[in-house]
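Number of protein chains: 4
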Amino acid sequence: MILPDDDHFHDECGVFGVYAHPEAANLVYLGLYALQHRGQESAGIVSVEERYMHMSRGRGLVADVFKPGDIERLKGSSAIGHVRYSTAGDKGNTRNLQPLVVDTAHGGMAIAHNGNLVNAVELRRALEARGSIFQSTMDTEVVVHLTALSRHAHFAERLVEALHQVQGAYALIAMNQSRLIGVRDPAGFRPMVLGRVGNGGYVLSSETCALDLIGATFLRDVEPGELVVIGPDGITSYFPFSPGGPTRQVAKRNLCVFEYIYFARPDSTLDGISVYDARKRIGSCLAKEHPVEAEVVVPVPDSGVPSALGFSQESGIPFEFGIIRNHYVGRTFIEPQQSIRHFGVKIKLNANNRVLQGKRVVLVDDSVVRGTTSRKIVKMVRAAGAREVHVRIASPPTTHPCFYGIDTPNRQELLASNHTVEEMRQYITADSLAFLSLEGLYRAVNGRVGGYCDACFTGNYPIPFPQDRRPVQLTLLKGA
Amino acid sequence: MILPDDDHFHDECGVFGVYAHPEAANLVYLGLYALQHRGQESAGIVSVEERYMHMSRGRGLVADVFKPGDIERLKGSSAIGHVRYSTAGDKGNTRNLQPLVVDTAHGGMAIAHNGNLVNAVELRRALEARGSIFQSTMDTEVVVHLTALSRHAHFAERLVEALHQVQGAYALIAMNQSRLIGVRDPAGFRPMVLGRVGNGGYVLSSETCALDLIGATFLRDVEPGELVVIGPDGITSYFPFSPGGPTRQVAKRNLCVFEYIYFARPDSTLDGISVYDARKRIGSCLAKEHPVEAEVVVPVPDSGVPSALGFSQESGIPFEFGIIRNHYVGRTFIEPQQSIRHFGVKIKLNANNRVLQGKRVVLVDDSVVRGTTSRKIVKMVRAAGAREVHVRIASPPTTHPCFYGIDTPNRQELLASNHTVEEMRQYITADSLAFLSLEGLYRAVNGRVGGYCDACFTGNYPIPFPQDRRPVQLTLLKGA
Amino acid sequence: MILPDDDHFHDECGVFGVYAHPEAANLVYLGLYALQHRGQESAGIVSVEERYMHMSRGRGLVADVFKPGDIERLKGSSAIGHVRYSTAGDKGNTRNLQPLVVDTAHGGMAIAHNGNLVNAVELRRALEARGSIFQSTMDTEVVVHLTALSRHAHFAERLVEALHQVQGAYALIAMNQSRLIGVRDPAGFRPMVLGRVGNGGYVLSSETCALDLIGATFLRDVEPGELVVIGPDGITSYFPFSPGGPTRQVAKRNLCVFEYIYFARPDSTLDGISVYDARKRIGSCLAKEHPVEAEVVVPVPDSGVPSALGFSQESGIPFEFGIIRNHYVGRTFIEPQQSIRHFGVKIKLNANNRVLQGKRVVLVDDSVVRGTTSRKIVKMVRAAGAREVHVRIASPPTTHPCFYGIDTPNRQELLASNHTVEEMRQYITADSLAFLSLEGLYRAVNGRVGGYCDACFTGNYPIPFPQDRRPVQLTLLKGA
Amino acid sequence: MILPDDDHFHDECGVFGVYAHPEAANLVYLGLYALQHRGQESAGIVSVEERYMHMSRGRGLVADVFKPGDIERLKGSSAIGHVRYSTAGDKGNTRNLQPLVVDTAHGGMAIAHNGNLVNAVELRRALEARGSIFQSTMDTEVVVHLTALSRHAHFAERLVEALHQVQGAYALIAMNQSRLIGVRDPAGFRPMVLGRVGNGGYVLSSETCALDLIGATFLRDVEPGELVVIGPDGITSYFPFSPGGPTRQVAKRNLCVFEYIYFARPDSTLDGISVYDARKRIGSCLAKEHPVEAEVVVPVPDSGVPSALGFSQESGIPFEFGIIRNHYVGRTFIEPQQSIRHFGVKIKLNANNRVLQGKRVVLVDDSVVRGTTSRKIVKMVRAAGAREVHVRIASPPTTHPCFYGIDTPNRQELLASNHTVEEMRQYITADSLAFLSLEGLYRAVNGRVGGYCDACFTGNYPIPFPQDRRPVQLTLLKGA
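Chains as they are written, first to last, in the working numbering: chain S, -3 to 476; chain E, -3 to 476; chain G, -3 to 476; chain C, -3 to 476.
There may be inaccurate statements among the hints.
Where chains are identical, the list cannot tell them apart; a pair therefore holds if satisfied intra-copy or between any two copies.
[Claimed, not checked] Lysine to any residue pairs mimicking SDA-like chemistry, simulated, CA-CA at most 20 angstroms apart:
(1) K63 to T328
(2) K375 to R337
(3) K63 to R407
(4) K284 to P314
(5) K71 to E331
(6) K63 to Q32
(7) K63 to Y423
(8) K63 to G230
(9) K71 to P332
(10) K63 to Q334
(11) K71 to R439
(12) K284 to Y438
(13) K71 to S335
(14) K248 to P314
(15) K284 to G443
(16) K71 to Q334
(17) K71 to Q333
(18) K71 to E46
(19) K375 to G211
(20) K248 to V445
(21) K63 to F329
(22) K71 to G367
Think of the hints as simulated: they come from the structure by calculation, not from any bench.
Work out the full structure, taking the sequences as your base and the hints as a guide.
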């Protein structure tokens, strides 16, 4: 069994929560469906019904994890859910499922977390030193412990006390028997939005596309550093990390710019900016920065499609589906022993010969990570008869790994970190290769420079991080 | 559990066969992957190893049916496979799996069949009257019986004797311990191509896209009425149904024109015509026949994409992804009890508001069957802010059911069979609605009128058929 | 994965049928539960509801094969079922499931068969020669074909015509939409009983123990050569194989005597003789024939228990459970690589040291087949401290294989076929070894000699059989 | 789906551990097989390989939970395992699986626990108050927390500090990366033995029968209050709960006397007393205390068998299997809607009519809990023709629930707690009913009175316990 070629950065999670709706768990189930692109390894839902917490979690896609009976058993009018893309280190670790649910002195609580804490290991060591025990290797368990340790009277206060101790990226949804809380870290690395649903209910989601599916009304983005408490007394907003007290003041915003390039679904809107529009402007910008003589603009589907369309509209070169994607591909498949050319990529992508034959082709992709897939695609396109293959990448070269919740290779494995663009062009065997500039990216996304985390392109990490990504190894608990 | 909205005609099968390759079963497995769009209900592979036939079949997608151990057990250098879209009548009937495999006086044989026989019930009754027993409700079992009854010495002769007795549409692959046979009915309703693979091996497939995946070389289409026998002595071609003897003379070709509109994958080439190209020309033709003032051309994904692109290129109106498709949707999903607007369609398609808001939208879809989904999509697009919605359909109105291997509703359920275009427009709530003309369709596909089966648009059935589609009911065998 | 040691002859099947009961399928399910000892490889139920036949079959124990939903779907007031112990040749062949169900010119029919036909291969060859096709390698499929070929008007007549052509051992239950038929071959090799259930319903079963469970009343044994037709017009009995016409005359009875020794459940009654009583008398007889000085009589559980009790009561030597059986053992288990002494037997049987230590032990077992397990048991008993181990076998030496529906090793593998008793004693390392005499067996079972098939002890085969058991190999169809 | 009738007290667990064996996990797997009678709801194994802990746990029988791949993945030379009979309160709670595994400041640790802590809720509340979080509702999690909180340098010391705080019954096995620890509570409620295996390895087990299976040598019982530490430096024994310091002094032993009556396997030896021997002496004693005129002694299988044999040998009344048990019964089965007499008991037990007909029957069972099953059995025996049914129970009346690790009904549900023996006789419809006296029980087990916990017969609870068994309800976490 091998995995289909997929040389991308991967988002680690999507979160979704519903408050005060008679079918809370079912709406969360649908919300996770719409957020499935943010994580395909495992999924989970926890609902609360008075002081009982009901849970259903498992490995696999939302469509496979939950059966009708599961949703029925998830009673209660509030529920939260999580989809997860597990990182290389914990593949096969069936304990790392979310939402996390525990019983504490204050009753049950559940947390669904998107992000990564840079001081998780240190905090874990300290917690263990005072006698805390851990059942998973997830950062989120640290937050749960810190919350449980707090002496504050209110759930939100306890959570805030916990979050004051952690550093890193997080958009998390917490729930106890009476409240639903959504919070983004002060930098706002990972997105979260707030909506209304049904008759007085509320919803929190990583992206707006999940609101659309359940017929919820978008209210607004949860702000960086904001904590939204939803309870029987309505919604209250706090800015607990703000230096000037819990009033609305966010010093610096650092939403992950890669959400616009690849992670978010094109029909989502982040911080008021349509992802689809941003991707089209990126393509347009790319065409201006790196024009090329060609007969056809071909996207690498699906992620390259909007930027290729933007490139085509700017350049006037016709847009065509020169590569067709097979959407029935499973997570793994059985490989023949005898080699087939460009096999790993062909299971998912096939060259559409008629479109390519004899043409000078502009091939638009969202990013180059290791370069292995790009190389196979270029070769496949050329084998289909393309006269020239000009690769245009809808982002700057990715030279640095991410420590804020995205699964990226080590720096050594990032092609751009130790190769010039010309070396990269040779490696992927293209006739030309060009990347969008950082300025172009900013211009395309929001028209002005700044306000995003661009560490993977620049190495400017907004939050200090350990030298080595996983400095201390935990006692890994494996299996289920 | 409900099914996501999908108001389409459905192809009933895809077939694939490999001869003389050390990894025959694995190549068939990959071929079925590439043909998955032709049938998602069940899949099966049979391989032959000397006089043993190994079989693996099951319900579900190729990725779910076959495990690595299954492929290993399918030993032998020849193998055939099948993917199936079961018709309404036999859903849940786990006995109707293909390929069929039986033991006969001449040894084992296996058959994979794409199509539908119009005289299957009569033949079955006659066979039963002489004592034959049936284990499924599939037409194909009739062919197997007739082949087994033949007194001819050679496998191909026995199969020909059987096929001389059946009427209808078929593209089938038969295999015994020494030979692989591909055959299309004299009208050539369903497609089949021939290719080379590996070192002296051959491959038969419903479509060329499956050849691409396994690195096979396309040789040619199997002709209507042609029987291709592949054996240790190479390839031999026969035209056994030709009035003037088994020489190459095909009176009339009737390839299903809907293959170009919807069934085939866009990267396939049928009868020398690229499906993608045909769809783009269809869109272009549609723009010429039914122009409209608008700001944006939006496809209903995925099937409407190439024709929408053609429409856009012809009309000059920008092409945009105004509807985003979620490709993670399973075959069924759990529905909330409380109604959500346009729910069935939203689980798969979401309006991309920014593209639609305030715009006059040309919505391009491949066909209208019952109209129920079209209505939901139009409403969803309008709810997203579209000012006007002009629906353009990339085919003529479908007024008649198919009896040649496609799953279509009864005539009464076909919206176009008993409504004018204006009535249909009102039903789907569009501002305007227009269909491609039959002439336009022919022009777009091959430049001249004729040579295709267009019964679903015209009621001109190339082969006489029973008044009622299922006149005599069989003793249905249910379960597994 | 290995199988627990189990060196026994194995019954190949149990059959059960219910007519005219609102919960027919559920009663069959329970009946199969009670007949599980007759076959643990697969199980199946077919019910008839007007002209529909519903089927549920699978590999494994009754408790695992059928889910509540399955039984619900098996609608109708008649149903038949089957449990199967597959023979070595077709292990893993998931096509050989029973009951067989087919559609014929006369409508659907289903058959559940216990037994073995000695001329099945010849009949199959002849059927294939006239064009019949086969989907399994089971004898039963021959009967189905022959029945379908008959021109007779009534189901029973067609079945009789078929059975007139077969030779061998069978107790079978056939069902069509209006009738349930039970039939035993003229020799009556395999058992079958008739009972009443509910309000006017009837039941057919391999053994009486299954009647007890469902609260049915035992009416009588179905006689050798008898065909019982149960229909809307009540019960009719025929003797179609009788030379003097279909009146009650059975020339020779040949019930398998091994049913009393091992196959049947001790709480069943066959031909008016309680199996438990017969086994106790066998033990008593064994004690008379082969007395021994000892302190304790220990059965090899579970099959040796009643004869050990009889031995104890006759000899006055105390009966003790010196070997304890673990009933939680699955069909296979994972074996450690490092060897453990007597491992294969220990997973199921453990020596009860306190009972054995320092004792002269009479170990009573039902039979010796290959002798491998006996050897391990003797060694385990001795390792537990037994001073002497005297093995007493509750049957004569098994020198010949069975061709009438029992899974036995080849003659070469039968320890008794090529070793003297003294050689066998040495092999199993016992202090003494003795077998019940054939006369003793007859005396114990029914008081007089004759009336049973004893071919496995004598080589006197009541029906001629082919030289070699499987002279012609079929095209084996493997997999599912 | 219903459960087969089984009106017994139920042991809650079995534990097993292996130290220093190359196939530790496989031996644990086999050990759990042999301990399956102590718990059938779930099973789990944890192995340690340097600082990694590998885990495999699941619901169901050992044979179903572990696949060959699972055992392979459980690498390392030490492993512990657990089988569990879940109590009514947490059925369906898939989080309550053992062994528990956590990561602490001192590295990973795993615990498998047989027993019940009477102050678990208080301790849990206190732990939660200081910020500890809980992931299950099992007592064992309290022990894990307390161990993690200890500041002691050594694993054994930390565990001892934890155990000093708990009150109740426990036999537990704890493991970290270098040591395996077995410990019994000071009263010694639950059993545990120590053995040697392989070349220098050690094994801990709830019962000796598991040692036999893996070929281990029995060394000795772990003493009440003893803590056995097995490590690279060999075995060390401590008595940390002894008032006079950690030297060998056990004030009072309170092994659960019901282990001899029902829980333990007959081939096990507890505290030097063979369970089989004890049961036979119990039957003998019962015959002396409550003689009866009868023709046959019949056990309720399997648990009543040894005491029935003892009764028979003492009384001289022949022992017969008048009730036959079907060992293929699953944990649940599908019940017909129409009532069948004595149904729940018949699925497992069938009357052997020939043995019972016209006889005065002594029916020997191990205990009467609710009396519902006894009543059905008596009726079934009488329906089979028994002239008189005299029930003899191999234990005193069970009048009080257990709080030390056994699943018993509430006091109100215990038939003996609020009925005289005569009332009980009438309820179960027996001709006579008699229970073994407490003195008789003691005499039978070890020859002298005292040394066991007999609270379920006397209400003399060795450890104070809360008024109500579950005084404070936890936030139940449900699901997986």
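Do the hints match the structure? See the list:
1. K63 to T328: So K63 and T328 pass the 20 angstroms test across copies only (10 angstroms; inside, 22 angstroms).
2. K375 to R337: So K375 and R337 pass the 20 angstroms test inside one copy only (9 angstroms; across, 46 angstroms).
3. K63 to R407: neither (41 angstroms within a copy, 35 angstroms between copies)
4. K284 to P314: both (16 angstroms within a copy, 19 angstroms between copies)
5. K71 to E331: between (43 angstroms within a copy, 15 angstroms between copies)
6. K63 to Q32: within (16 angstroms within a copy, 24 angstroms between copies)
7. K63 to Y423: Answer is neither: 46 angstroms inside a copy and 35 angstroms across each miss the 20 angstroms cutoff.
8. K63 to G230: neither (32 angstroms within a copy, 47 angstroms between copies)
9. K71 to P332: Classified as between; 13 angstroms across copies, 46 angstroms inside a copy.
10. K63 to Q334: between (39 angstroms within a copy, 18 angstroms between copies)
11. K71 to R439: Neither. Shortest intra-copy (47 angstroms) and inter-copy (54 angstroms) distances fail the 20 angstroms Cα cut-off.
12. K284 to Y438: The answer is within: 14 angstroms in one copy meets 20 angstroms, while 40 angstroms across copies does not.
13. K71 to S335: between (51 angstroms within a copy, 18 angstroms between copies)
14. K248 to P314: Cα proximity of K248 and P314: none, with 41 angstroms in one copy and 38 angstroms across.
15. K284 to G443: within (15 angstroms within a copy, 39 angstroms between copies)
16. K71 to Q334: between (51 angstroms within a copy, 15 angstroms between copies)
17. K71 to Q333: between (49 angstroms within a copy, 14 angstroms between copies)
18. K71 to E46: The answer is within: 10 angstroms in one copy meets 20 angstroms, while 42 angstroms across copies does not.
19. K375 to G211: Cα proximity of K375 and G211: across copies only (13 angstroms, versus 44 angstroms in one copy).
20. K248 to V445: So K248 and V445 pass the 20 angstroms test inside one copy only (13 angstroms; across, 66 angstroms).
21. K63 to F329: between (24 angstroms within a copy, 9 angstroms between copies)
22. K71 to G367: Answer is neither; intra-copy 47 angstroms and inter-copy 36 angstroms both fail.
Checked against the numbered hints given earlier, this structure breaks hints 3, 7, 8, 11, 14, 22; the rest are met.
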